[in-house]
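Following the hints, complete the assembly by docking chain B onto the known chain A.
If you're matching them up, the sequences are chains A and B in order. Residues 1 to 305, numbered by the UniProt record's numbering, are exactly what the first sequence covers, in order. Residues 1 to 305, numbered by the UniProt record's numbering, are exactly what the second sequence covers, in order.
A hint or two may mislead.
Each pair may be met inside one copy or between any two copies, as identical chains are not told apart.
[Stated by the list, open to error] Straight-line Cα separation of at most 20 Å, EDC-like style, residue types lysine to aspartate or glutamate; simulated pairs: (1) K49 / E284; (2) K15 / D160; (3) K35 / E254; (4) K287 / E9; (5) K49 / E30; (6) K287 / D188; (7) K253 / D299.
The set of hints was computed from the structure by calculation and includes no laboratory data. Quantities reported herein were computed from a predicted structural model and do not represent experimental measurements.
Number of protein chains: 2
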Amino acid sequence: MTTEISVAEMRAAHKRTAPFLHNTPIMSSENINEKVGVPVLFKCEHLQKTGSFKVRGALNSAILAKEQEANGVIAHSSGNHGQALAWAAQKIGLPCTIVVPDNAPISKIDGMKEYNAGRESVCAEQAEKLEYYFVNPYDCVSMINGHASIAFEILEQAGDDIDSIFLSVGGGGFASSVAFLIGNLRPDIEVFLVEPEDKQLSNLLANNVPCPVDTLNTMADGVRVAHVGTLCEPILREFCTGKVISVKEEEIKEALKLVWTRLKQRIEPSAALAFAGVLYHKPEHVKRPLVILCGGNVDTNYVID
Amino acid sequence: MTTEISVAEMRAAHKRTAPFLHNTPIMSSENINEKVGVPVLFKCEHLQKTGSFKVRGALNSAILAKEQEANGVIAHSSGNHGQALAWAAQKIGLPCTIVVPDNAPISKIDGMKEYNAGRESVCAEQAEKLEYYFVNPYDCVSMINGHASIAFEILEQAGDDIDSIFLSVGGGGFASSVAFLIGNLRPDIEVFLVEPEDKQLSNLLANNVPCPVDTLNTMADGVRVAHVGTLCEPILREFCTGKVISVKEEEIKEALKLVWTRLKQRIEPSAALAFAGVLYHKPEHVKRPLVILCGGNVDTNYVID
Numbered sequence: 001m002t003t004e005i006s007v008a009e010m011r012a013a014h015k016r017t018a019p020f021l022h023n024t025p026i027m028s029s030e031n032i033n034e035k036v037g038v039p040v041l042f043k044c045e046h047l048q049k050t051g052s053f054k055v056r057g058a059l060n061s062a063i064l065a066k067e068q069e070a071n072g073v074i075a076h077s078s079g080n081h082g083q084a085l086a087w088a089a090q091k092i093g094l095p096c097t098i099v100v101p102d103n104a105p106i107s108k109i110d111g112m113k114e115y116n117a118g119r120e121s122v123c124a125e126q127a128e129k130l131e132y133y134f135v136n137p138y139d140c141v142s143m144i145n146g147h148a149s150i151a152f153e154i155l156e157q158a159g160d161d162i163d164s165i166f167l168s169v170g171g172g173g174f175a176s177s178v179a180f181l182i183g184n185l186r187p188d189i190e191v192f193l194v195e196p197e198d199k200q201l202s203n204l205l206a207n208n209v210p211c212p213v214d215t216l217n218t219m220a221d222g223v224r225v226a227h228v229g230t231l232c233e234p235i236l237r238e239f240c241t242g243k244v245i246s247v248k249e250e251e252i253k254e255a256l257k258l259v260w261t262r263l264k265q266r267i268e269p270s271a272a273l274a275f276a277g278v279l280y281h282k283p284e285h286v287k288r289p290l291v292i293l294c295g296g297n298v299d300t301n302y303v304i305d
Numbered sequence: 001m002t003t004e005i006s007v008a009e010m011r012a013a014h015k016r017t018a019p020f021l022h023n024t025p026i027m028s029s030e031n032i033n034e035k036v037g038v039p040v041l042f043k044c045e046h047l048q049k050t051g052s053f054k055v056r057g058a059l060n061s062a063i064l065a066k067e068q069e070a071n072g073v074i075a076h077s078s079g080n081h082g083q084a085l086a087w088a089a090q091k092i093g094l095p096c097t098i099v100v101p102d103n104a105p106i107s108k109i110d111g112m113k114e115y116n117a118g119r120e121s122v123c124a125e126q127a128e129k130l131e132y133y134f135v136n137p138y139d140c141v142s143m144i145n146g147h148a149s150i151a152f153e154i155l156e157q158a159g160d161d162i163d164s165i166f167l168s169v170g171g172g173g174f175a176s177s178v179a180f181l182i183g184n185l186r187p188d189i190e191v192f193l194v195e196p197e198d199k200q201l202s203n204l205l206a207n208n209v210p211c212p213v214d215t216l217n218t219m220a221d222g223v224r225v226a227h228v229g230t231l232c233e234p235i236l237r238e239f240c241t242g243k244v245i246s247v248k249e250e251e252i253k254e255a256l257k258l259v260w261t262r263l264k265q266r267i268e269p270s271a272a273l274a275f276a277g278v279l280y281h282k283p284e285h286v287k288r289p290l291v292i293l294c295g296g297n298v299d300t301n302y303v304i305d
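Bound-form chain A, shown alone (with noise of 0.2 Å):
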């Protein structure tokens, strides 16, 4: 598999999964624009095929694992990245296994730390087994690469409209992505990176020092994971420090409530992240801020309390 992080990697795999993923569409709301003081953009890629970003990593990971003739693609997940890695895998004919823990609810996460360990362990062995690609879901080249394809879409629709964009970070893949092909190419674009308070990830890249906690008790159940990439870490550091923006869980509701209302967008708490960030801590001098609607996947009668 390709083993480096590249904006030549990052545009090979745009060409290369484009045919199959929705350009997801920008959409606003006069309402919000007022309530935040300046206009804001959301790239709505809950709306993106298996409702969210994952998918554009996962199917990267599978065209490349098929290429080079892998029996099929492994992983494990109870979430997104599971949903996104099955359908690519089924859409370009390649075997997949997703490993679920035996009582996991299908959309929620909890005692991440215990079921991550032990679905590894099972994960590794399989995919020795059965020669499946491992497709970890953010500490992973083929991901990193494959997600940038949504910094190019955003460059193209919005590029001269926006100064910033913000987006909830996890494991840090997505992250890392955008962070890196926006300050290869457009580095005069800001990207932050708005997480749940205990998260203290810019604790990590000033400092050094690590989230004291691996999982977070968030009502962002696609961020819960409290420490970033391997692969990650280093480019954050490069193209993030400074840049981290702490919310608090009144704020996502508050946050989610407004798309629910106003934009009438039924996204995940974990899109509502990063909104969060933009409507209660936009930093003075952001005028043009764009928000990465990260994910829809939410159980129907979800409610805010």
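Positioned in the frame of chain A, the structure of chain B alone reads:
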């Protein structure tokens, strides 16, 4: 005010209102296409200003009222019509009064008849006293002419891709507007009216038997009014006799779930009604249906039980 419902007046209304309104997008979902068995297009009118189609007719009415030197516009409403008229009047700088029942919840109307009567008499009195133009939510020429802009948009966006249009019917203003324009310009495209089963509109259109109740007990709160307007009835009889589809509450629920989870669009139950008609009762000969998602004003924590 204009007293004629005609293609020419509809075209003029479209031209008059388009600068202020969204040409709402059309969406689709592969998963939904598979479930229905044919490709389904969704006209996303819940993304319209104020979150519903009502603003098309309301804005046309407000502009005409201003041209004819009314002092303002007035209506009774505790729902989408009130929001739409208030927004339209503000947009063009015209005073507006919305008569809202004292204890009415803002997005739900129960006991429609009593409220309606009460509010109508207050409205008429106030309208005369203030020299305001009274805008009936559906039985109103300027509303009916104004709504037709959505049909012009549909023909431009997807006129060659569809054989039918499915829409939710309540008071009949929107239904008669779309049916009239499509029936005149593109009689090859069928317009189907989807109703909650107790409405029995086909019995009115075919046999002249009115619905025995005034208010329907349905989760689709935007279409609880049982009777269609006197202006609307002859239009619907001419264009839609034999094209009424009755759906059950359980079917509206399932349609709503699918749009929330697959299209990721936060529509209101009244909008899901139209899709339920396609999902459960699509006539065999229909191969390329378009569903109008008429509104998205639903309480934040509305739960599909």
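Problem - 20 Å Cα threshold - placement of E284 relative to K49 - result: neither (35 Å within a copy, 29 Å between copies)
Handout entry: K253 and D299: within-copy, between-copy, both or neither at 20 Å Cα
Key = Both. Shortest intra-copy (16 Å) and inter-copy (15 Å) distances satisfy the 20 Å Cα cut-off.
Exercise for the section: Have a look at K287 and D188 and pick one of within, between, both or neither, based on CA distance no larger than 20 Å. Expected result: within (13 Å within a copy, 49 Å between copies)
Practice task
Please work out whether the CA atoms of K287 and E9 approach to 20 Å or closer within one copy, between two copies, in both situations, or in neither?
Solution key: Neither way: K287 and E9 sit 32 Å apart in one copy and 42 Å across, limit 20 Å.
Practice task
Indicate which option fits the pair K35, E254 if close means a Cα-Cα distance not exceeding 20 Å: within, between, both or neither.
Solution key: within (12 Å within a copy, 34 Å between copies)
Practice task
Classify it for me, K49 with E30: is the Cα-Cα distance of at most 20 Å met within a copy, between copies, both or neither?
Solution key: between (27 Å within a copy, 9 Å between copies)
Practice task
Give the relationship of K15 and D160 under a CA distance limit of 20 Å: within one copy only, between copies only, both, or neither.
Solution key: Neither: 22 Å inside a copy, 30 Å across copies.
Violated hints for the displayed structure, listed by number in ascending order: 1, 2 and 4.
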